[in-house]
Amino acid sequence: GQNIDQPTEMTATEGAIVQINCTYQTSGFNGLFWYQQHAGEAPTFLSYNVLDGLEEKGRFSSFLSRSKGYSYLLLKELQMKDSASYLCAPESNQGGKLIFGQGTELSVKP
Amino acid sequence: DVKVTQSSRYLVKRTGEKVFLECVQDMDHENMFWYRQDPGLGLRLIYFSYDVKMKEKGDIPEGYSVSREKKERFSLILESASTNQTSMYLCASSEDQATGTEAFFGQGTRLTVV
Numbered sequence: 111g112q113n114i115d116q117p118t119e120m121t122a123t124e125g126a127i128v129q130i131n132c133t134y135q136t137s138g139f140n141g142l143f144w145y146q147q148h149a150g151e152a153p154t155f156l157s158y159n160v161l162d163g164l165e166e167k168g169r170f171s172s173f174l175s176r177s178k179g180y181s182y183l184l185l186k187e188l189q190m191k192d193s194a195s196y197l198c199a200p201e202s203n204q205g206g207k208l209i210f211g212q213g214t215e216l217s218v219k220p
Numbered sequence: 072d073v074k075v076t077q078s079s080r081y082l083v084k085r086t087g088e089k090v091f092l093e094c095v096q097d098m099d100h101e102n103m104f105w106y107r108q109d110p111g112l113g114l115r116l117i118y119f120s121y122d123v124k125m126k127e128k129g130d131i132p133e134g135y136s137v138s139r140e141k142k143e144r145f146s147l148i149l150e151s152a153s154t155n156q157t158s159m160y161l162c163a164s165s166e167d168q169a170t171g172t173e174a175f176f177g178q179g180t181r182l183t184v185v
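Listed in order, the protein sequences are those of chains X and R. When the letters of the first sequence are read in order and numbered with my numbering, they come out as residues 111 to 220. When the letters of the second sequence are read in order and numbered with my numbering, they come out as residues 72 to 185.
Just the calculated beta-carbon pair ranges, DEER-fashion:
id : chain 1 : residue 1 : chain 2 : residue 2 : range
1  : R       : 136       : X       : 133       : 28 to 38 Å
2  : X       : 169       : R       : 123       : 38 to 48 Å
3  : X       : 124       : R       : 123       : 46 to 56 Å
Note that these hints are calculated values from the structure, not bench results. Glycine included, C-beta positions come from ideal geometry on N, C-alpha and C.
All chains, full assembly: derive it from the sequences and hints.
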């Protein structure tokens with residue numbers, strides 16, 4: 111089975127840094143995706159971690175600890191356009207099956 | 072440019088109707104997925120397919136079936152639509168079973184069952 115936990119909502123200020131946490135329990139774990147979804151739009155890919163540690167990609171970084179079943183997404187220099195839902199998705203080795211957490215709704219305020 | 076296309080953006084159907092939601096991808100992807108998205112519940116996997124004519128149940132398959140006769144097309148079927156199937160339905164596709172291949176999503180179909 112699979113259990114994914116991330117906060118429902120977060121609020122941050124423009125220009126600040128925010129960390130969105132995700133804990134998961136899954137059988138046959140391969141790696142972990144983060145997706146971004148703006149209201150009324152389809153989710154889009156942000157990052158994928160397979161090894162422990164931090165992966166940096168511009169203003170966005172993603173961290174994974176396989177032994178702890180824990181990941182976070184770090185957003186720096188927040189912009190208003192970063193207001194969106196952020197979805198954590200552990201990847202199963204069961205034939206490409208992709209299960210998502212409920213998502214964290216981030217609101218960036220001026 | 073990669074593309075996953077869902078046949079309708081908005082759909083209104085009556086209770087008891089048989090409903091077909093169509094999804095087509097042009098990337099020659101092996102994997103295709105159907106999700107529904109509801110406020111507070113996130114994206115929930117209904118069915119996925121890793122090859123033509125192959126399908127696997129997701130977390131909430133009850134009341135749904137799927138068909139994948141061709142690689143590029145994955146159809147979601149509501150055998151007898153009910154009001155609790157009112158939702159946003161999202162289709163996605165990804166490459167084969169290699170790890171870390173991102174999924175591409177369609178724009179979604181907002182289905183209302185009255």
